[in-house]
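Visitor: Now for the letters of each chain:
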Amino acid sequence: MNSGFLFAETPQEKDNQPPGMAAEDAGDSDALYLELEGWEGPLDLLLDLARRQKVDLREISILALVEQYLDYIEQAEALKLELAADYLVMAAWLAYLKSAMLLPKDEQEDPSPEELALKLQLRLQRLGAMREAAGRLLGGNRIGRDVFLRGAPEGLDIVRKTRWECDQFALIEAYGRVKARTAPAVHMVRERPVMTLESALDRVSNMLGVTLEWMELREFLPPHAEPRLRKSALASSFVAALELARLGRAEIAQDETFGPMRLRRVQ
Amino acid sequence: MNALERSIEGALFAAEDPMSVDALASFLGDIDKSEVRAALKALASLYEGRGIHLVERAKRWHFETAPDLAHLLRKEREQLRRLSRAATEVLAIIAYHEPVSRAEIESIRGVQTSGGTLDVLMEAGWVKIAGRREVPGRPTIYATTPEFLDHFGLSSRRDLPGIAELRATGLLDPVEEAYEELTGDESGPVDDEDNTSRDA
Amino acid sequence: MNALERSIEGALFAAEDPMSVDALASFLGDIDKSEVRAALKALASLYEGRGIHLVERAKRWHFETAPDLAHLLRKEREQLRRLSRAATEVLAIIAYHEPVSRAEIESIRGVQTSGGTLDVLMEAGWVKIAGRREVPGRPTIYATTPEFLDHFGLSSRRDLPGIAELRATGLLDPVEEAYEELTGDESGPVDDEDNTSRDA
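If you read the protein sequences in the order shown, they are chains Y, B and V. Under the numbering used here, the letters of the first sequence match residues 1 to 267, in that order. Under the numbering used here, the letters of the second sequence match residues 1 to 200, in that order. Under the numbering used here, the letters of the third sequence match residues 1 to 200, in that order.
Take the hints with a grain of salt, since some may be wrong.
[As the list claims (entries may be wrong)] Derived EDC-like pairs: lysine to aspartate or glutamate, alpha-carbon spacing no greater than 20 angstroms straight-line:
1) V:K128 / Y:D167
2) V:K59 / V:D32
3) B:K128 / B:D17
4) V:K59 / V:E35
5) Y:K119 / Y:D86
6) Y:K98 / Y:E114
7) V:K75 / Y:E154
8) V:K128 / V:D150
9) B:K59 / B:D22
10) Y:K179 / V:E165
11) Y:K119 / B:E180
12) Y:K179 / V:E98
13) Y:K119 / Y:D48
14) V:K41 / V:D22
15) Y:K161 / V:E147
16) V:K75 / B:E16
17) Y:K98 / Y:D110
18) V:K59 / V:D17
19) Y:K161 / V:E78
20) V:K75 / B:D30
21) B:K59 / B:E16
22) V:K75 / B:E5
23) Y:K119 / Y:E67
24) B:K59 / B:E98
25) Y:K161 / V:D119
26) Y:K179 / V:E106
27) B:K41 / B:D17
28) Y:K54 / Y:D71
29) B:K41 / B:D159
30) Y:K119 / B:E177
31) V:K75 / B:D17
32) Y:K119 / B:E181
33) Y:K119 / B:E176
34) Y:K161 / V:E123
35) V:K128 / Y:E165
36) V:K33 / V:D22
37) V:K75 / B:D22
These are computed hints drawn from the structure, not numbers from a lab.
With these hints in hand, go ahead and build the complete structure from the sequences.
Guide: Structure (structure tokens):
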């Protein structure tokens, strides 16, 4: 029944600390706080509480666990200790889980409390397994702790000689490049075919006016435009579509990531 | 002891880093790899029971002292930097689940993992970035390095303690998958669980 | 092999410096020195003829690789490497303008030239220091070597095409224009051409 390795003690575990809350046995108010510091978050605290049930993690009582956690948090609050938000979020969620577990079956929502409880248990098992694995990993023969490498290796002497390569063309081309770069340059701005946002807005909203059907964004582009104009038109039509959607004049749909974007007039 | 064994013994002894069969074969002047392998085996058995062992880690070979001499040799050495609990746990999760994204690590631990933790592991040379997962957001994924296996005395990832049992009991599968397995629920995993690694 | 021999083997292997019999005896926990000596002798004979020897030098013991393996453990590797773009430019400038100082090279290239670039060219054997220019500061001047002409298949520096010829072959055109010429594309160079052509 017991899967054994889940329960083996591991060297870095804090399992050898006395069980129960530090606040009880220490009596000073920051002991609990200090112990909370020792946990790696609420799941870790839950795992620790679950281990104190002294049964296989697959057999733990989630309801008992929830109650222990809530007690713990309550006590921390009574001591006016500062609790990290994630512990409180977990407490709220567990309180919800507890009430759902106590409700009659037919009033239950989806997902069912059984599902939530089982998933919590599965998470705890996984975290427990990894904690166990970490302990066993550190228990192995580590270099520098258990086994040692040669103290002063001579090293393998590899003398690297580099032979450089370059050819005549590369040489002359490099010179040309330098000369060209340092020659006075004349800059000219070329006219590029673009579709402005204004004309895209006009075009898209006019075309939307014609039909109530869904149309792909692609269909709004000028059909015989050369590639670069088409690119510009795609960009500005996309922005135009977003603008029309923002104004409530169109709706946009896309069924999958990177899938075609479709557009329809809002009546 | 034959000449090849002598050369390999000398080379591995002098080398500053572990060497693979390939590296040895080409270093010693294009020796046949199967001969190198045979010589390594012969050498390793020669060193059995001795104060020095010849071991293979992540397909690379090196000499190290016998583990039972640790008590003798340790006293002179500086202490290894202690790994924090968080770092140890993250390291274990990466080793047993690799390649794995930060979100996946966090979902197992139930807490955010600070970037510093991963940095410490990468600085130690035990963890490396292993690319990105091809899902939306293209998260970075992490995996362990040969130095990791080296340092922890493992020949390969199959030697990770308990990995076979963990795999067999489904404890390396994401919660959603394990849940479906248990309940026979066919509704399919939710999106983000879908991305979690299914370890090789 | 007995326990003491094992311990000595491990200790000498892991030690950073050779160890004397005294040091070994106290390191291993007050062992009798004669026992340590006997163990060292036994170990040394065990390693005879092997790739590693256990040797005593100035009364201190250490392992070292067998002397006859030295030739094996030292390797010369020749590596072919292509001259970087920057180095090619510097070489071209030296060839066209020699003898030339570093400041002159920089003023022609329009960018700073790292000392490393000149070192590479000198290491390749293509450029040499040709004295100093007799101006204030006496800067070092550089010139090409006969090996340079050899390697580039030139019988003399006069074989280098002149400026007029470069212009005729288009090698002096600004890169953007040359690009359009070649592709008939009016859109201008693609990104990376754009960066490289204007790094001045």
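Visitor: Against the structure, test the hints numbered earlier, and report the numbers of the ones violated in rising order.
Guide: Checked against the structure, no hint fails, so every one of them is satisfied.
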